[in-house]
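Q: Listed below, chain by chain, are the residues.
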Amino acid sequence: MAEVSLHKLNKKFDTTHVVKDVDLKIRDKEFMVFVGPSGCGKTTTLRMIAGLEAITTGEIRIDDRVVNEVPPMDRDIAMVFQNYALYPHMSVASNLAFGLKMRKFEKAEIEKRINNAASILGIESLLQRKPRQLSGGQRQRVALGRAIVRDPKVFLFDEPLSNLDAKLRVQMRVELKKLHERLAVTSVYVTHDQVEAMTLGDRVVVMKDGVVQQVGEPLELYNTPANRFVAGFIGSPAMNFADVTLVENGGKPVAEAPGLRIGLPGELATRARAKTGRKATLGIRPEDIHIATAADAPEYCFDAAVEVVEQLGSEILLDMRAGAALMVASVEPTLRVRAHDNLKLALKPERLHLFDAETEAAI
Amino acid sequence: MAVTALSAAESKRLSPRLRKLEDERWLAMALLAPTAILLGLFIAYPFFEGVLLSLSSTRVGQPGEFVGLKNFHKIWDDSIFRTTVWNTFWYTGVTTVFKLALGLWLAILLNRHFRGKAIIRAFILLPFIIPTVLSTFAWKWMFDPTFSVINWTLFQLGLITTRINWLGDPDLAMTSIIVINIWRGVPFFAITLLAGLQTISPELHEAAAIDGARPWARFWHVTWPLLMPVTLVVVLFSVIQTFADFQLVYVMTGGGPANATHLFATYAYQLGIGTGLLSEGAAISLAMFPFLFVIVVVQLLYIRRVETR
Ligand SMILES: Nc1ncnc2c1ncn2[C@@H]1O[C@H](COP(=O)(O)OP(=O)(O)OP(=O)(O)O)[C@@H](O)[C@H]1O
Ligand SMILES: [Mg+2]
Numbered sequence: 009m010a011e012v013s014l015h016k017l018n019k020k021f022d023t024t025h026v027v028k029d030v031d032l033k034i035r036d037k038e039f040m041v042f043v044g045p046s047g048c049g050k051t052t053t054l055r056m057i058a059g060l061e062a063i064t065t066g067e068i069r070i071d072d073r074v075v076n077e078v079p080p081m082d083r084d085i086a087m088v089f090q091n092y093a094l095y096p097h098m099s100v101a102s103n104l105a106f107g108l109k110m111r112k113f114e115k116a117e118i119e120k121r122i123n124n125a126a127s128i129l130g131i132e133s134l135l136q137r138k139p140r141q142l143s144g145g146q147r148q149r150v151a152l153g154r155a156i157v158r159d160p161k162v163f164l165f166d167e168p169l170s171n172l173d174a175k176l177r178v179q180m181r182v183e184l185k186k187l188h189e190r191l192a193v194t195s196v197y198v199t200h201d202q203v204e205a206m207t208l209g210d211r212v213v214v215m216k217d218g219v220v221q222q223v224g225e226p227l228e229l230y231n232t233p234a235n236r237f238v239a240g241f242i243g244s245p246a247m248n249f250a251d252v253t254l255v256e257n258g259g260k261p262v263a264e265a266p267g268l269r270i271g272l273p274g275e276l277a278t279r280a281r282a283k284t285g286r287k288a289t290l291g292i293r294p295e296d297i298h299i300a301t302a303a304d305a306p307e308y309c310f311d312a313a314v315e316v317v318e319q320l321g322s323e324i325l326l327d328m329r330a331g332a333a334l335m336v337a338s339v340e341p342t343l344r345v346r347a348h349d350n351l352k353l354a355l356k357p358e359r360l361h362l363f364d365a366e367t368e369a370a371i
Numbered sequence: 006m007a008v009t010a011l012s013a014a015e016s017k018r019l020s021p022r023l024r025k026l027e028d029e030r031w032l033a034m035a036l037l038a039p040t041a042i043l044l045g046l047f048i049a050y051p052f053f054e055g056v057l058l059s060l061s062s063t064r065v066g067q068p069g070e071f072v073g074l075k076n077f078h079k080i081w082d083d084s085i086f087r088t089t090v091w092n093t094f095w096y097t098g099v100t101t102v103f104k105l106a107l108g109l110w111l112a113i114l115l116n117r118h119f120r121g122k123a124i125i126r127a128f129i130l131l132p133f134i135i136p137t138v139l140s141t142f143a144w145k146w147m148f149d150p151t152f153s154v155i156n157w158t159l160f161q162l163g164l165i166t167t168r169i170n171w172l173g174d175p176d177l178a179m180t181s182i183i184v185i186n187i188w189r190g191v192p193f194f195a196i197t198l199l200a201g202l203q204t205i206s207p208e209l210h211e212a213a214a215i216d217g218a219r220p221w222a223r224f225w226h227v228t229w230p231l232l233m234p235v236t237l238v239v240v241l242f243s244v245i246q247t248f249a250d251f252q253l254v255y256v257m258t259g260g261g262p263a264n265a266t267h268l269f270a271t272y273a274y275q276l277g278i279g280t281g282l283l284s285e286g287a288a289i290s291l292a293m294f295p296f297l298f299v300i301v302v303v304q305l306l307y308i309r310r311v312e313t314r
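Chains H and Y, in that order, are what the protein sequence lines are. With the first sequence counted from 1, adding 8 to any position gets you our numbering. With the second sequence counted from 1, adding 5 to any position gets you our numbering.
None of these hints come from the bench; they were simulated from the model. Check the hints yourself; a few may be wrong.
To be verified - Derived DEER-like restraints, expressed as beta-carbon distance ranges:
{"hint": "1", "chain 1": "H", "residue 1": "GLY144", "chain 2": "Y", "residue 2": "TRP225", "range": "25 to 31 Å"}
{"hint": "2", "chain 1": "Y", "residue 1": "ARG117", "chain 2": "H", "residue 2": "SER143", "range": "34 to 40 Å"}
{"hint": "3", "chain 1": "Y", "residue 1": "PRO207", "chain 2": "H", "residue 2": "ASP217", "range": "22 to 28 Å"}
{"hint": "4", "chain 1": "Y", "residue 1": "TYR307", "chain 2": "H", "residue 2": "LYS20", "range": "24 to 30 Å"}
Claimed, not checked - Which chain H residues stay away from chain Y? Per the calculated CB distances, all over 12 Å, these:
{"hint": "5", "residue": "ASP71"}
{"hint": "6", "residue": "ASN123"}
{"hint": "7", "residue": "GLY243"}
{"hint": "8", "residue": "GLU307"}
{"hint": "9", "residue": "ASP311"}
{"hint": "10", "residue": "LEU325"}
{"hint": "11", "residue": "ILE371"}
Beta carbons are placed, not taken as given, at the ideal position from N, Cα and C, and that holds for glycine.
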């Protein structure tokens with residue numbers, strides 16, 4: 009049972025303000041992922057939770073205890089570092105045992121826990137080796153093991169997979185997910201990889217420049233991004249954006265740009281009507297664009313010239329120009345298209361996003 | 006491509022002798038030759054001359070003849086020589102322990118972040134940079150029975166009522182030169198160990214802190230073992246230098262009072278050059294060799310064990 013809550017958390021290094029008013033409640037057993045571009049303050053936030061970085065203002069609670077002044081060792085947390093931080097002069101077994109020895113556990117108990125962790129992670133045969141005799145993936149497991157044996161209230165991960173090659177990363181991602189299901193320990197996980205965030209997180213915190221942009225379940229972020237930044241950060245390939253003006257056309261609100269006019273459906277139309285005449289950003293994900301058929305209403309169709317065709321096997325990415333806007337569409341792999349073809353495309357109206365041009369907030 | 010083509014064209018123009026250098030064996034020999042010649046001339050040759058000298062009865066101005074191990078027998082029975090051996094071990098042992106302890110302490114302090122870090126680090130090196138003879142003369146004044154600033158301070162503080170004759174008493178004289186050696190040697194330890202400390206990732210300390218290790222445990226279980234290879238090398242260097250130290254004792258006491266502070270080097274010098282008994286002086290110098298040899302071999306073996314650990 010462990011909740012972590014951050015209240016108006018701020019961090020300044022001298023004059024640079026790197027974490028700004030972060031308010032967050034991480035629930036018991038939840039896997040919370042912090043994601044954001046490099047330098048946005050994810051690691052700093054995590055280190056404040058760990059107690060490795062002093063808090064400038066605000067409060068961190070683990071369960072109901074304010075831990076601002078509590079040293080790392082007394083917070084009952086375990087951390088997995090990006091570079092593993094294994095003790096190079098100790099065997100794997102001693103690395104796992106260290107935290108328990110420092111806490112004066114009995115020998116038999118230490119042994120039991122090491123064997124248990126080793127069998128969970130499949131590193132039984134490596135226990136006598138030194139870290140430098142291990143591969144990257146094996147080191148990663150040992151680092152995880154060192155956290156597991158402690159049986160802490162909270163796991164903290166700082167980009168634990170970023171030093172692994174792509175294939176191993178996917179594999180470890182799955183293992184981490186299984187591990188979390190099995191151990192059910194509150195976890196905070198930092199990454200700059202949105203795929204990791206989407207696949208691992210029960211909920212995801214998107215940060216930018218030290219400010220939380222949105223907190224939500226992965227699909228919530230994907231379906232209803234709170235602003236343009238989140239919309240562009242979550243999802244791959246990234247959402248298409250077009251600068252448009254909101255106008256009335258025959259009594260209906262539409263988004264207009266040179267060479268492009270898209271109708272706005274239902275709810276969105278109502279909200280857009282309030283901003284008629286204003287500039288906005290239209291957003292649509294590549295997977296929500298398809299080749300137009302007779303079934304598509306004409307106000308959701310547009311013409312585009314294909315510039316590049318990217319054949320990925322499972323799908324085709326079309327890089328296109330629609331009026332002044334550049335767009336990417338993900339279409340059926342069976343489709344026959346070539347560069348410079350002119351196509352009529354349609355988009356799913358219910359999947360349209362609009363963002364205020366100034367505040368970038370979703371309309 | 007262009008580069009190889011060019012160098013091929015160039016090598017055609019080279020003289021046959023220069024072209025030989027393209028062969029790695031010749032090149033290696035050519036590059037090693039200057040070092041080999043210098044080492045031979047200034048180390049190997051004097052060493053063998055020294056061995057020959059120690060086996061002869063040469064004195065200043067008197068060629069002498071081969072006498073076997075007679076000189077070694079003689080110094081074996083020499084009570085000053087025995088004091089010298091004891092002094093050298095005591096001097097080396099005590100100073101090394103203190104230099105290591107103080108140097109490590111300083112290094113750990115300097116490894117923290119604070120204002121003016123760079124300047125302090127530079128200042129720390131001062132005792133190491135000042136030529137030993139100069140700084141030792143300064144110390145000589147401080148330990149001078151009449152002008153001693155140390156005596157003056159102790160007197161003003163009311164801790165003593167009569168002057169302490171620092172360099173006139175055998176034990177005090179030894180202690181004095183030990184203090185100076187420590188003062189002179191600590192910077193080298195501090196800076197080298199600081200360099201060693203900086204190679205230890207701060208993440209390891211953070212991991213240990215989260216693992217529940219308090220500062221002392223972090224030092225003992227993380228810093229110290231990881232610093233061990235560097236420590237051993239520094240200690241090895243220091244032991245060799247201290248064991249063969251000359252300047253400090255020569256300037257401070259000249260081996261006195263009553264030959265109580267001689268080290269191998271100063272006694273060898275006094276006997277060989279001072280008294281003109283060249284062959285006996287050489288024998289004393291050489292007597293240092295087996296001791297140093299054993300110390301160095303033991304330490305090197307230990308370093309190798311630590312490094313492959
Ligand atoms: N010790 C420090 N002193 C000064 N500035 C720092 C310090 N640590 C971090 N910063 C600054 O704080 C900002 C946030 O850093 P942080 O490490 O939290 O970023 P991050 O989101 O983890 O990025 P990344 O994905 O690259 O790891 C950066 O601009 C960084 O330069
Ligand atoms: Mg980071």
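Q: Just pull the numbers of the violated hints for me, sorted ascending.
A: 4
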